[in-house]
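A.B. asks: Dock chain B against chain A, hints included.
Protein sequence lines correspond, in order, to chains A and B. Positions 1 to 418 (this note's numbering) are the ones given, in order, by the first sequence. Positions 419 to 836 (this note's numbering) are the ones given, in order, by the second sequence.
Where hints are given, some of them may not hold.
Said to hold, decoys possible - Distance windows between CB atoms, simulated: (1) A/T347 x B/G562: 21 to 27 Å; (2) A/D367 x B/A436: 50 to 56 Å; (3) A/D131 x B/G622: 33 to 39 Å; (4) B/G622 x A/D367: 51 to 57 Å; (5) B/G622 x A/I134: 42 to 48 Å; (6) B/R658 x A/L370: 41 to 47 Å; (7) B/D431 x A/E122: 19 to 25 Å; (8) A/L370 x B/R441: 44 to 50 Å; (9) B/L788 x A/G164: 23 to 29 Å; (10) A/S278 x B/P517: 42 to 48 Å.
Said to hold, decoys possible - Calculated Cβ distances over 12 Å to all of chain B for the following chain A residues: (11) E19; (12) A77; (13) R91; (14) I134; (15) K143; (16) R148; (17) G204; (18) G242; (19) D274; (20) P313; (21) M340; (22) R344; (23) P398.
As the list claims (entries may be wrong) - Far from chain A, by Cβ distances over 10 Å, these chain B residues were calculated: (24) T447; (25) A459; (26) D467; (27) R488; (28) I552; (29) S554; (30) D571; (31) E581; (32) S633; (33) V671; (34) P672; (35) D753; (36) D785; (37) P815; (38) P819; (39) L832.
No wet-lab data here; the hints were simulated from the structure. Glycine included, each C-beta is placed from N, C-alpha and C at the ideal position.
Number of protein chains: 2
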Amino acid sequence: MPTNGGGAGGTPDLLPVAEARSRILAGLTPGAAETSPLAEAIGRVLAADLAARLSLPADPVSAMDGYAARSEDCAAAGSSLTRIGESAAGRPWTGVIGPGEAVRIFTGAVVPDGADCIILQEDVEASSEEDGAIVSIREVPQKGRFIRPEGLDVTAGDIILAEGTMMSARLIALATSAGHVTASFYPRPHIGILSTGDELVSPGDTPARGQIVSSNATYLSAFVSACGGVPVELGIARDRPGAMLDALRAAPVPLDLVVTTGGASVGTHDHVVDDLSSTGTELGFWKIAMRPGKPLIHGRVDGIPLLGLPGNPVSSAVCANIFLRPAIARLSGSDHAPEMIAARLATGLPENDRRQDYLRATLSHDDDGLPQATPARQQDSSMIGVYANANALIVRPPFDPPKSAGDMVMVLRLDPLL
Amino acid sequence: MPTNGGGAGGTPDLLPVAEARSRILAGLTPGAAETSPLAEAIGRVLAADLAARLSLPADPVSAMDGYAARSEDCAAAGSSLTRIGESAAGRPWTGVIGPGEAVRIFTGAVVPDGADCIILQEDVEASSEEDGAIVSIREVPQKGRFIRPEGLDVTAGDIILAEGTMMSARLIALATSAGHVTASFYPRPHIGILSTGDELVSPGDTPARGQIVSSNATYLSAFVSACGGVPVELGIARDRPGAMLDALRAAPVPLDLVVTTGGASVGTHDHVVDDLSSTGTELGFWKIAMRPGKPLIHGRVDGIPLLGLPGNPVSSAVCANIFLRPAIARLSGSDHAPEMIAARLATGLPENDRRQDYLRATLSHDDDGLPQATPARQQDSSMIGVYANANALIVRPPFDPPKSAGDMVMVLRLDPLL
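So that you can see chain A by itself, here it is in the shape it has in the complex (with noise of 0.2 Å):
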């Protein structure tokens, strides 16, 4: 049986936002670890904490280019050494100083055994730049200054980086410098993207009157990729019964999460009941309190989590944002919190009803270089182009009262690539 999502009562209440987004992240959870290569892990998640098996540096090292000595030979301005060899990056010296001693050390390059301070080079006088040369100090230097002890980054065996972690270009460099190539990663979910409607031809195809060319699979496609999914498409479902569910069986792959469109329309919500609950799944279709966003469809097929996003291409996209992406997220083993901002508003906007209301907005700066917020003029959510040239959506929540030009509200912003 279907199952509406609001309140106890007669009249089925509308579900909050973020109640719906809680009840479907609940039921979400990332695939069986796998080892992957850090060269492609830009975006992925770690499956385990992840321990440095080498210190960074490994040994002590100069940060600066000088000699390296004793500090007790070097205890008075004037005191002279002997150059007896050169440690640069790569090429370490190998021996041990002794008494009276001195090696050429460049930055980076490993500080000799038995040195323990460094003589900046513009603090000595050099008699040559060759081994023998008499080196005098003009300065006297501090013991253990300019040396970077062994470990002072990263030391073998501390974890560096936590379980759930994304990974960013600069992480994967970490990784790397500590002795990895390869990590224990989430795997990225696979989700089936399947629209439904006989109003709706191929991209490519030309539509007859009353078609329209679908899409929606196009962008969740391109969203999917975006947030590090892998798209599973499933094409068109016409309205009739079983299409859908024959479908979603023929996908060529198993699949993490199904997201459908449409299918909650008159004509066209029948055959969805009747198929998606002859699977034996319990099936919400849930109203929510939310501004574009038609009836929400969620529940399992066969065991495979199902989110319905509404037809319209503008609800469905702002859906995507606010329940997809987060489930996207969590499958991968992370979480995806909204990032909102407090901007001004460019112009006055009405009372709010009781749904929160996602209006398609500029965000840019005032003179004062402050986030300011201009609403689209035209919030029909049947254009496409106005939503695509959003950058950003005001959040009204229920019943928010009048506002004035000025004002501050709380915005959303739209990832630049989703």
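C.D. replies: Frame of chain A, contents of chain B only:
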């Protein structure tokens, strides 16, 4: 002859960061346009304006559920009409509405010819949901209201996306809805990545004393991919004459830019000068007024633009954000301006010297919800662990006076993937 970046005086001046960036970008242009599928276009840049092939909507459509009729037949409450058909999304009613007739209509469905108003379903009493039903009007409809005219969102022939636009999922949806399957894009630039230095071992190999694992190429490869380029790894060139040129010339594909790391330090500097100067083109060893960031190499090798970053992983990563990211954008046909935000300092900072400083920092929110920047306690540019765990860089201009906790600073957010 190598040239210094600075002024005309005897001692070369430090080159300001913005000036260095301008000079780097000036030599870069995108490749020849190519036609590619929109479905794979996320992050790509349009090489030509894109005009809509279809209007959206293509016909007048209803914005509500109700009945389509002629407004002259609905001038008074109590008027009756005869239902003669149904128009649903994807299943338009194709006749012409005559006097006294109405067509049942649903949101998104084509408004039949002859009709000029929509009577909301809650504003009528209908004798049945079958054709032939008598529909009594309780509330007089307004002519044109709830009808989305043809082209409301997009008009066929209009430019919907301009040359230079970077494609997001939502812009892909717009172009798809407007009838496109492909578009003209600038190619993704191929970026050669070459590390130099005897101190480097490849990831997976065990460093001997004084050696380190090469992480720059892994970092830059992930960085280039995330910025929309195609990384071409050229390996590690050792510190011997000709090694760098040999590696560059062994590139398996034509390159749009070569990025090297290292090669400007003592011992290796001379080979690089000799190697690159032998190609007969002007080469700059710039001392940039920034920290971290040692001399930057800039020029062309065999006609290919070359950007030589420092070998130090932190310096290399900072320079990649400041110079390489806009360079990849320019080669891709777009622009990238680093996103700077103002934040309060959590701790004080001493006066800055003549170099623009990029301090590794954590950007968070203070108790008032305002951005707060906490500089890492250790700013040693050898510490990749500190850099990898930062999420922002505090940018301090040359000669910035001392700052106290609570003072405002400008902060460059590090992209979560970079």
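A.B. asks: Which hint numbers doesn't this structure obey?
C.D. replies: Structure breaks hints 2, 6, 8, 13, 16, 17, 20, 21, 25, 30, 32, 39.
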